[in-house]
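Each protein sequence line maps, in turn, to chains W, U, R and Z.
Just so it is clear: in the first sequence, position 166 is 850 by this note's numbering, and no numbers are missing.
Just so it is clear: in the second sequence, position 140 is 824 by this note's numbering, and no numbers are missing.
Just so it is clear: in the third sequence, position 326 is 1010 by this note's numbering, and no numbers are missing.
Just so it is clear: in the fourth sequence, position 47 is 731 by this note's numbering, and no numbers are missing.
These are calculated hints, taken from the structure and not from any lab test.
Be aware that one or more of the hints could be misleading.
Put simply, identical chains are the same to the list, so a pair is met inside one copy or across any two.
Straight-line distance between alpha carbons at most 25 Å, and here's what the computed DSS-like set of lysine-lysine pairs gives [what the hints assert, rightly or not]: (1) Lys699 / Lys720; (2) Lys781 / Lys1014; (3) Lys696 / Lys913; (4) Lys965 / Lys720; (5) Lys692 / Lys965; (6) Lys716 / Lys1014; (7) Lys711 / Lys692; (8) Lys692 / Lys1014; (9) Lys720 / Lys781.
These figures come from a predicted structure and were not determined experimentally.
There are 4 protein chains.
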Amino acid sequence: MLVILNAKASEKEVKEVTSRLEAWGYKIHISKGVEKIVIGGVGVPEVNELECADVLRSLPFVEDVLIIVKPYHLVAREFRPEGSVVKVDDVEIGGPKIVVMAGPCSVESYEQVLETAKAVKQAGGRILRGGAFKPSTSPYSFQGLGEEGLKILYQVKKELGLLVVTEVMDPRDVELVSQYADILQIGTRNMHNFRLLSEVGKSQKPVVLKRGFGATIEEWLLAAEYIAKEGNPNIILCERGIRTFEPFTRFTLDINAIPAVKELSHLPIIADPSHGTGRWKIVPAVAKAAIAAGADGLLIEVHPHPEQALKDGPQSLRIENFLSLMEELKAVAQAVGRTL
Amino acid sequence: MLVILNAKASEKEVKEVTSRLEAWGYKIHISKGVEKIVIGGVGVPEVNELECADVLRSLPFVEDVLIIVKPYHLVAREFRPEGSVVKVDDVEIGGPKIVVMAGPCSVESYEQVLETAKAVKQAGGRILRGGAFKPSTSPYSFQGLGEEGLKILYQVKKELGLLVVTEVMDPRDVELVSQYADILQIGTRNMHNFRLLSEVGKSQKPVVLKRGFGATIEEWLLAAEYIAKEGNPNIILCERGIRTFEPFTRFTLDINAIPAVKELSHLPIIADPSHGTGRWKIVPAVAKAAIAAGADGLLIEVHPHPEQALKDGPQSLRIENFLSLMEELKAVAQAVGRTL
Amino acid sequence: MLVILNAKASEKEVKEVTSRLEAWGYKIHISKGVEKIVIGGVGVPEVNELECADVLRSLPFVEDVLIIVKPYHLVAREFRPEGSVVKVDDVEIGGPKIVVMAGPCSVESYEQVLETAKAVKQAGGRILRGGAFKPSTSPYSFQGLGEEGLKILYQVKKELGLLVVTEVMDPRDVELVSQYADILQIGTRNMHNFRLLSEVGKSQKPVVLKRGFGATIEEWLLAAEYIAKEGNPNIILCERGIRTFEPFTRFTLDINAIPAVKELSHLPIIADPSHGTGRWKIVPAVAKAAIAAGADGLLIEVHPHPEQALKDGPQSLRIENFLSLMEELKAVAQAVGRTL
Amino acid sequence: MLVILNAKASEKEVKEVTSRLEAWGYKIHISKGVEKIVIGGVGVPEVNELECADVLRSLPFVEDVLIIVKPYHLVAREFRPEGSVVKVDDVEIGGPKIVVMAGPCSVESYEQVLETAKAVKQAGGRILRGGAFKPSTSPYSFQGLGEEGLKILYQVKKELGLLVVTEVMDPRDVELVSQYADILQIGTRNMHNFRLLSEVGKSQKPVVLKRGFGATIEEWLLAAEYIAKEGNPNIILCERGIRTFEPFTRFTLDINAIPAVKELSHLPIIADPSHGTGRWKIVPAVAKAAIAAGADGLLIEVHPHPEQALKDGPQSLRIENFLSLMEELKAVAQAVGRTL
């Protein structure tokens, strides 16, 4: 930690900083410049550095406090430099093979899920996505079929031999959803629902953790740290678009985040071009971009009849478009040394 | 609802739109231009307009769908044009008197809360704020004292005759927190925690609903609608800053949102200049601005010793600064025809 | 400057940093921690610190470079701690009296300007605003009357004894505009037009420098530094809203920026609630907020017939609304110890 | 144009809207709903629709005005549905071959440019980039070598048989820069410098138009329309990152913008992953993503010794990294049916 004071700071003020740092267990280095004094707190004491920094920042004569050590540990790249692979049954996420999770935004009926799941399987996909509990901006919108939806997913999964990923949005539902799903999903609006993160961390289920659309990469990794800290290392990050001023697309998929996360963390990362764009016409281009940028997989909305979808139709691919995208993705995966 | 098609759209395509609209209960108006065809769906059918719009948007020949009726109803200004006043004991929020809720970010000890609460009372404040359950970006940061913190708040409130507002972040805690608090608070990271919104809606407790730092005004009002829809009309909105590209301040307090909400909704609105700036030096200026802009109250962090605070010290006012701010606020309140 | 290296950095790598710092004239302080090495470059050498930092950042083993001295000097608060006052004729901007600059967005005709100017004068205003050269997002929109517009402004100014502020958008026009105007204005889209900044800096005319809607406070102050560096100290900053994700308002007026600029710089600062909101209905509330937050003045669009305006009608106040706002502003100014 | 009124609007108010629309040459369609009245203005009159909309918006009883026709024409996809190809000598931008423009951010010396240019040529590149006039946020930073820099570029171009792209930032320099360069570049900070756009439009030189980092796609296309309207159709759009709240990267490259522009406009589009990320380590991943998303080319910063660069070293690739990236790009180009 580096504490910046004005060069005119009194000895008493410098002392006030150093004695606190020492009390927390830091060793002290002082560097006096013409305009600023920099007090370095060195060592890795057993205190929360973010909190200590805030304490110092509230001293009126402290100009700034800089933290130079990352606030997350278990999910940091340094913790597992070779990268981690999350295994779900016989599917590996984070390995050489790109994993595509596809399906409808919401589970509406057995027939709808079955038709989509068959297409996913036909295209070589192994993981079916579909929402039974749906977070909706409006209380008047469809909120999902709940447990009935979970049962439909489970039935289709059994019939076709697929795996299932589905969202959980309430800490009280983690157990229930875990009975039906192979992978839990934490949605963008719940990335900061810390109680839910902890509950999912206590489970051992693999979890797709979507980035909050207003969250920085660091906050996202700290959310993953919540899960890891409770003992669940099976975390798959998912970039799904951030909110910017651009109105043409619903969100802006942060393509930079893919290589950035690869640098900062050992966790696998997938991308969701459906929510990241909000427009099915540009989903294929952005899906290919994500793979080219190094993503380990994709989460894509596919619907047999998007114009009848109860949710997010505008961003869902029709089955025929999904099938041709999968062909195109194979070439891109190969171009970056991977397979699909 | 207005559905925009290219002027070259076929009759069959126009028919596909109109027959859907009719099936949902809309009456049809068609207006053909040189470049576009506009199909108006008129009437207020008992369907969710947002969902119907999404269905139409997913038709490949539909260029755009525009919704011209607001998606919220119970919290809309039209629902109660005279504005609503939330009563908590003998305190009225939304009336002529500005209400200041002040106290520490986190409850740390009985002594700390008591000292701050005395200052709040001395300055004429009636409502004490303080967090017992704390949402923290890092799992290694202080998470609050939990029920012990609630008890401290309750004890101080009884001793000094104040009212208490405190955060609830888990639907499972609503009942517990309601036993101790007079007003529940939903934090910025939980504005989209729809299960929590519903649970709080089922209670009859007054609730401060903070704006998500990545949420639009419309999404915020829809979150309020979730609470209102469950039967709880006692909602106080709180503007607490949105996330922008500006790095000097932690967040950007959206001052425009205050008159905007007054125009769009009948609910009272308060402002939180502490979180909205993240810097105690500029809190007083922004607090005065919020009142001048028409806010019904303020939520301010005050700490007897910010440099010892376990959380958010950099944005907490010292007691002496808080007391002088209260004096300044009186003059501003009067300038806009209100009292403090 | 602080250069952060991994604690595992080799002696050769440390040497590569220190020898560069020494060559630039810095003295060296090294602080070795468990995870990081911090190399401090101390002193104020005659090099550009931003550039030196970039050079070091491009060394593959350098993790980060932190600059702790502000990159601007002439406009920094430290340069003139008491604050500066810009005098235009007998009007002082930055003194105890709030200065309101009002008028139409665009000059359309002599009659329009005269009618508005009379209202400005009647309300006690001394400075008339109006655009003769207009930056328009669309090439098909009105681009202003050019020199003819300047002449109209000049004529009305002479008749009524007002001062005039008007925009200049091309370095080739600085001389021309200076002949007619008392204050030059640099618009939000030209804040980064460095050639224009330099040209205006060479003139001695007072200048209103609007914040770029995508610019940080630091970049804005650096733009002011461009002007000051050329010898023109008569700079008035103008906060006019930044671009955020909120769609209800055209821009988000950054109210935090007002006290922030007061802390960082000695320059006077005014606010433009017309562009900062884009909606005349909320202009008065935000105008009052800006004054309460410490702004030294306002730039407001007033039009006798907004529904006939060629530009920006939706954000222009009618004359009667402007007159009543001025009354309300008097009370707010007084509440914060100033006059109008 | 669609004008939205409250259903309670009086006949006189409806009349005020319709008579204006008729005066501008629109035909009228009225559609009365339960909550709103929608007045459609149909036809394509010879007025500026943006301005007319603003006039109507300023009527106090008008709730909203929606424009459903795009405000740009010459650069719209409809104008040339097959897409346009910009030819520079024998190089085609927008055709099947991906075009890479590479070189140093700033021209520093003949030796530096020559060394980099040789690498560009060796990798099969045809276009050399390099800045002689540099827009710098700080007035104390390197502003470029000016005409001397142009001469160096010209000399190297002649020696190696390359083409040159370089920035022009002042309308007064367009003629000078055109003498040396094959392609003019308008930088992100000048996208809204309308005088510069017009001046470049009057020239017939091909121009790379970078997106303003705070500009929407629509504003960017309107800036292109400024150039096209003056008679210069040789426009190459360049996505170079937008400003968001994410601090890890300097900007956020908007990958969605690539397929979005392909849908909305016929102009070729390239991407600048160097400025779009600000970190050389993630440049290769984002470069590959841009090609996978459909970009027609790349603008990449390459420097023989980034740690000695006077500008933007942190985002410049070393020559060896550039050469290996070019190999990787070949595979990605092929995967999307193109060549490099």
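Hint check results:
1. Lys699 / Lys720: both (15 Å within a copy, 24 Å between copies)
2. Lys781 / Lys1014: both (10 Å within a copy, 21 Å between copies)
3. Lys696 / Lys913: Neither, since 40 Å and 37 Å both go past 25 Å.
4. Lys965 / Lys720: Answer is between: at 20 Å across copies they meet the 25 Å cutoff, but 54 Å inside does not.
5. Lys692 / Lys965: between (60 Å within a copy, 19 Å between copies)
6. Lys716 / Lys1014: Neither way: Lys716 and Lys1014 sit 58 Å apart in one copy and 44 Å across, limit 25 Å.
7. Lys711 / Lys692: Both. Shortest intra-copy (23 Å) and inter-copy (19 Å) distances satisfy the 25 Å Cα cut-off.
8. Lys692 / Lys1014: neither (63 Å within a copy, 36 Å between copies)
9. Lys720 / Lys781: neither (52 Å within a copy, 36 Å between copies)
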